[in-house]
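Residue numbers (the working numbering), protein chains in the order written: chain A, 1 to 327; chain B, 328 to 1026.
The hints are simulated quantities; they were obtained by calculation from the structure and are not laboratory data.
Among these hints, one or two may not hold up.
Stated by the list, open to error - Distance condition first, Cα-Cα at most 35 Å in a straight line; then the derived DSBU-like pairs of lysine-lysine:
id : chain 1 : residue 1 : chain 2 : residue 2
1  : B       : 658       : B       : 380
2  : B       : 380       : A       : 26
3  : A       : 182       : B       : 380
4  : B       : 725       : B       : 633
As the list claims (entries may be wrong) - Just some of the chain B residues that point at chain A, by a computed CB distance under 8 Å:
id : residue
5  : 686
6  : 690
7  : 694
8  : 845
9  : 866
10 : 868
11 : 874
12 : 878
As the list claims (entries may be wrong) - Taking CB as the label site, the calculated pair distances span:
id : chain 1 : residue 1 : chain 2 : residue 2 : range
13 : B       : 693       : A       : 298       : 52 to 60 Å
14 : B       : 839       : A       : 42        : 48 to 56 Å
15 : A       : 167       : B       : 376       : 19 to 27 Å
16 : B       : 993       : A       : 318       : 31 to 39 Å
17 : B       : 688       : A       : 100       : 24 to 32 Å
18 : A       : 99        : B       : 921       : 35 to 43 Å
19 : A       : 42        : B       : 616       : 19 to 27 Å
Since the structure is predicted, the reported quantities are computational estimates derived from the model, not experimental observations.
For glycine and all other residues, C-beta sits at the position ideal for the given N, C-alpha and C.
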Amino acid sequence: MNVGLDYDVLLAYLSERRTGTWAAFKDAVDWLNGVEARNREIAWIAARRLEDLGHIEVNWEGGKSWAICPTVVTLLSRSGGRALVTGSRPADFYDVGSSSGILEDAAEELDLYVECVPQFRAPTTLLVQLNNFDQADELAGHLGARCTFNVSEDIASQLPRLVDYLDVGTRRELPIGFEAEKFNSESLEFEIVDETESTGLYRTRTYGDVIHALNDVKSSSATTDPVHWNRLPREYAVYEIFRWEGQRVLCFDYEKMCLWVPKDAGLPTLHSRCATLCSGRLPEGDPEFTHPTESSWRCIRYENVPDRIASRIAESLSQEMIEVNAQ
Amino acid sequence: MPPNIEPSALECKWIDALVDRFFNAAFEGRPVYLALDEDELDEIADLLETSSKDLVSEVRSNLDAVGNPFGTYMRRWNRWNEHREGAPTYLPLLAVCVLAASAMGRDESAHINANDYYTRLELLTGLDRKRAEDSFGELSFLWVSLGEWLGDDLAGKRGNPMISEPEWFTKVGWPISQCIFRATDRYRLPDCFLASDLRPGDALTREQLYRRVKRWAEADHHFTPRGTAMIRAATGNIEQQLIEIAFREFEQWDGALRDREGRRRGDIRLAMLSNRRKTTFLFRPERPEGFPETFTPQFPHGFVLKPDLQHYYERLPFEVDSKRLDGITLKMSNFALTFTRSSVVPFAENMDVEGWMSVSRVSSDRPHCVLIHDRIHDAARRYLASAVTAMSGPVRPKALPDGWTLYKDIWFKPGARTDIPELRCLVPRSDSTSQLIGGLRLRGGSKVYMSGFEPRLVASSSDHEIESVEVNGLRSMLDKGSLDLSTLRLDPGEHELVMDDITLTFSTARSLHEFSEPVQVSIAHRMNRQNGKPIESGSALVGSESVRQPDESWISGAYSEETCSPGVLPIFARMGGGHYFALGSKPGQISEFGDQPRPDWLRDIRVPKSKRPANWDGLEARDFISYVDFKAAWILRSCGERIEVQRVSDSPADIQTDGDADAVVKWSNTVLNHRDAVPQRFQKQWNTFVNVALELNKR
Chain A
1 MNVGLDYDVL LAYLSERRTG TWAAFKDAVD WLNGVEARNR EIAWIAARRL
51 EDLGHIEVNW EGGKSWAICP TVVTLLSRSG GRALVTGSRP ADFYDVGSSS
101 GILEDAAEEL DLYVECVPQF RAPTTLLVQL NNFDQADELA GHLGARCTFN
151 VSEDIASQLP RLVDYLDVGT RRELPIGFEA EKFNSESLEF EIVDETESTG
201 LYRTRTYGDV IHALNDVKSS SATTDPVHWN RLPREYAVYE IFRWEGQRVL
251 CFDYEKMCLW VPKDAGLPTL HSRCATLCSG RLPEGDPEFT HPTESSWRCI
301 RYENVPDRIA SRIAESLSQE MIEVNAQ
Chain B
328 MPPNIEPSAL ECKWIDALVD RFFNAAFEGR PVYLALDEDE LDEIADLLET
378 SSKDLVSEVR SNLDAVGNPF GTYMRRWNRW NEHREGAPTY LPLLAVCVLA
428 ASAMGRDESA HINANDYYTR LELLTGLDRK RAEDSFGELS FLWVSLGEWL
478 GDDLAGKRGN PMISEPEWFT KVGWPISQCI FRATDRYRLP DCFLASDLRP
528 GDALTREQLY RRVKRWAEAD HHFTPRGTAM IRAATGNIEQ QLIEIAFREF
578 EQWDGALRDR EGRRRGDIRL AMLSNRRKTT FLFRPERPEG FPETFTPQFP
628 HGFVLKPDLQ HYYERLPFEV DSKRLDGITL KMSNFALTFT RSSVVPFAEN
678 MDVEGWMSVS RVSSDRPHCV LIHDRIHDAA RRYLASAVTA MSGPVRPKAL
728 PDGWTLYKDI WFKPGARTDI PELRCLVPRS DSTSQLIGGL RLRGGSKVYM
778 SGFEPRLVAS SSDHEIESVE VNGLRSMLDK GSLDLSTLRL DPGEHELVMD
828 DITLTFSTAR SLHEFSEPVQ VSIAHRMNRQ NGKPIESGSA LVGSESVRQP
878 DESWISGAYS EETCSPGVLP IFARMGGGHY FALGSKPGQI SEFGDQPRPD
928 WLRDIRVPKS KRPANWDGLE ARDFISYVDF KAAWILRSCG ERIEVQRVSD
978 SPADIQTDGD ADAVVKWSNT VLNHRDAVPQ RFQKQWNTFV NVALELNKR
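Let the sequences and hints guide you as you build the complete structure.
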């Protein structure tokens, strides 16, 4: 199932190494890609996928670095009583090929059953069939792991408001002397512009970095701030533009419990993790889905997202969800 | 004059200065020497604002006129040894002994035999060579003591002492070993290693290494004139000593570069960036591993450099002008960033900057650009004409000062050679040694690899092809000088590779951690616990949980302390019903759910029959439906006309009746509506609920 990069090996390696520089992460991805692999994975994409699944955290600012996250056993709703095991998975934790390892031993001792669900370009999803919640707690105890009832519910309850993220952005001008591009909230693309005076989201490609900055000259907070530029991670800045323009982009099917997000307006890391861990599965492209606002937007679909979690994600991003009834 | 067991005030100043110069905290983990020579002596004297002759005068006055001339210092050693507090008080004597050794082999003392140590000591201190010779062996106690102080007492925090008596110099070998290679020259050795295509841990013999050092010293005059002269003239025992020093430095080299004062050094690179409109140049300082997050150069520079890319700080706030191209040095405590003047600047493509970045040496496997100054232009043109397969240019970049010419899209031929020192950076690199490449290292900088993911061995020699290697005593053939060690299925443990006269070791392990050893959170999303606001816009380095502020909550992956003390509880119920009620033991504790189908991806799980556990059917029928904010006692499930009741927990019969009035009514109505639905075996517990519900209905 995994093409090119073996994510299970990568995760085992990162779990053994525990922390490291971005260079070490990139070296590992490059080595595992192999010299002849046709389908090479790009390091930052691999990192984002592992972040969404709760395996690693990456400090993207400044001298980039990464760290493995604690192993967590968490229940999945509508899963037939299954628990997801995420976070650190060292080499001896579970060998997918031979169905052996610490997890298998612990499960056997508790008379539980481990299921491996392959995932495209991601580590294998490890699920454990439970009869009651106490077994999740016992399993975590055997593994030296943490246990939580519902990680998505818990992350959702802690998602900060979009405006609070704006407050921790860096008040600094867009770098000058580089080609500037402006975000178009209809096409969800950045377009080259000659001036950066008007309100909006801009980006420049500097030497090795892409800097996103909001020109919020008209916002209330800007009136007291001489610098009306706010450098932010792209995702927050994009959703702030949607807030300014009243653009609704998140779609939810209450019956199917699926959340659709335009691919070019991806969720911020915590929000994406919150939605991803409802199923333990990364969102997938959904070519069949037609976005009600703009049919040309390509969308990705998060599965098994309870409505209260979808609502919390939307609320945190100042979005009003579009209710859909996907066929 | 009574013997000065305690050092004078002036000697104390010299002791402090010597320690600061040769054994300071910047050298932690690095080899250190008491490498005093005349130049060093002058520089220390300048710092102390005293005469360079003072140190020798002090020592001279403390030499005993009768018996062991070093008796005073031996007594000092005894006294200091009682408590071993502060720096050794006998240090001035050892320093002067080294100073005498530093004069060996120098041109101005040519009338003295190069190996004649005692005559030089006599010239310096007035000590009769016969008396010195008789007692010099006793100083070995002081040398050993100095080594123990640095290595054991200070645990290498001021450097690892390189103090030993070479077998070819009895007695006098101690001081000679300290000064034969000046500190300034030793700090240049890492540059030599890099220029020789070496990497930390490469396997090569002492002689192979020294040949490279000698070639580098002779060709490019990178060492001080005295260092270069020493290497050129050294023979016999002196050369053996130089070989040993170079080898020790290489063994302990971690890949870092040093400036002439021993600071860890990063290079300032010249970046060249082109877009559709123009080409710009700027200075980009490297940020090698271990360098500070922000670099604040010492006075007079009034700026701070922040990390901007993976291995770099942000650009310097300087124009690329003639003055800056002549050299830049930025210092900050034990770190330095330098740009070295050069008449030829090669560039290679750099994906991090999406442009071109200056490199120390070209290679033949990728394109380059080269900036050449007029002062070497003609010679460079002639070299390029024979050394490249393709090239475009020349152009005179507008963004640079006059005198520079740029050539682009250059592909160098492998094996191109030149004798012109300034053009050596245009000689393509070649792998001329044995290296372990890639693999999954379990620890940064170590040679411990994850079992099954060992590196590739690349072995080559400058004079012949290496065809095979012995791996743990068994012969394996190389394919074009390369062997993928992961194909050998090595057992975890220590491994040895032997080829020609080179031995290389590494180890493999399946796992380095006991799983019970919990992962500590070191990068997390931080939120203010009081107001829920984020502290940064993304995840950030947080150190460890022990430093977490009480008003912060952290999320790391699927973990935070909040997630492990949840306010919601899960309930399990059999799937397939039409409607569900979950009831807690307190009236008002009621949740209502509709039927919830499983998600598609889960339905797709196919488990072979042979792998299904005995209770598989039961598991299949179980569905985890939702979370409630109370401890569920019962789940009532409607299946068409049928009502099914599931007892969830042994709930207390102690039922309280306060709470939200509507919810209480709903709770009691639900209980009464299902009063007859409960199986006989649960009837007793259910009746408790029914009775409370009846009671509530009467109110």
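Verification of the supplied hints:
In summary, the hint linking residue 658 of chain B to residue 380 of chain B is supported, as the alpha carbons are separated by about 30 Å, within the 35 Å threshold. With a C-alpha separation of about 56 Å, the suggested pair residue 380 of chain B and residue 26 of chain A falls outside the 35 Å cut-off, and the hint is violated. Of the pairs offered as hints, the one joining residue 182 of chain A and residue 380 of chain B is violated, with about 70 Å between alpha carbons and a cut-off of 35 Å exceeded. Taking the CA atoms of residue 725 of chain B and residue 633 of chain B, the gap is about 29 Å. The hint holds against a cut of 35 Å.
Interface restraint check: residue 686 of chain B against chain A, minimum CB-CB distance 16 Å, threshold 8 Å, status violated. Look at residue 690 of chain B: its Cβ only gets to about 17 Å from chain A, farther than 8 Å, so that hint breaks. The restraint placing residue 694 of chain B at the interface with chain A is violated, with a minimum CB-CB distance near 19 Å, outside the 8 Å limit. Given hint, residue 845 of chain B at the interface with chain A, holds; its Cβ is 6 Å from that chain's nearest Cβ, closer than 8 Å.
Because the closest C-beta pair between residue 866 of chain B and chain A is about 5 Å apart, less than 8 Å, the hint holds. Annotation: interface hint on residue 868 of chain B holds; nearest CB of chain A at approximately 5 Å, less than 8 Å. Taking 8 Å as the C-beta cut-off, the interface hint given for residue 874 of chain B is violated, the closest approach to chain A being about 14 Å. Contact between residue 878 of chain B and chain A, as hinted, is not supported at the beta carbon level, the nearest pair being about 14 Å apart and thus beyond 8 Å.
At roughly 35 Å, the beta-carbon separation of residue 693 of chain B and residue 298 of chain A lies outside the given 52 to 60 Å, and the hint is violated. Taking 48 to 56 Å as the suggested C-beta distance range, the pair residue 839 of chain B and residue 42 of chain A does not conform, at roughly 28 Å. Here the CB-CB span from residue 167 of chain A to residue 376 of chain B is close to 53 Å, at odds with the stated 19 to 27 Å. Our hint of 31 to 39 Å for residue 993 of chain B and residue 318 of chain A holds, since their Cβ atoms are close to 34 Å apart.
Evaluation of the 24 to 32 Å hint for residue 688 of chain B and residue 100 of chain A yields a failure: the beta carbon distance comes to about 48 Å. As the Cβ distance of residue 99 of chain A to residue 921 of chain B is approximately 37 Å, the hint placing it in 35 to 43 Å holds. At roughly 23 Å, the beta carbons of residue 42 of chain A and residue 616 of chain B sit within the given window of 19 to 27 Å.
Against the hints set out earlier in the document, violations occur for numbers 2, 3, 5, 6, 7, 11, 12, 13, 14, 15 and 17.
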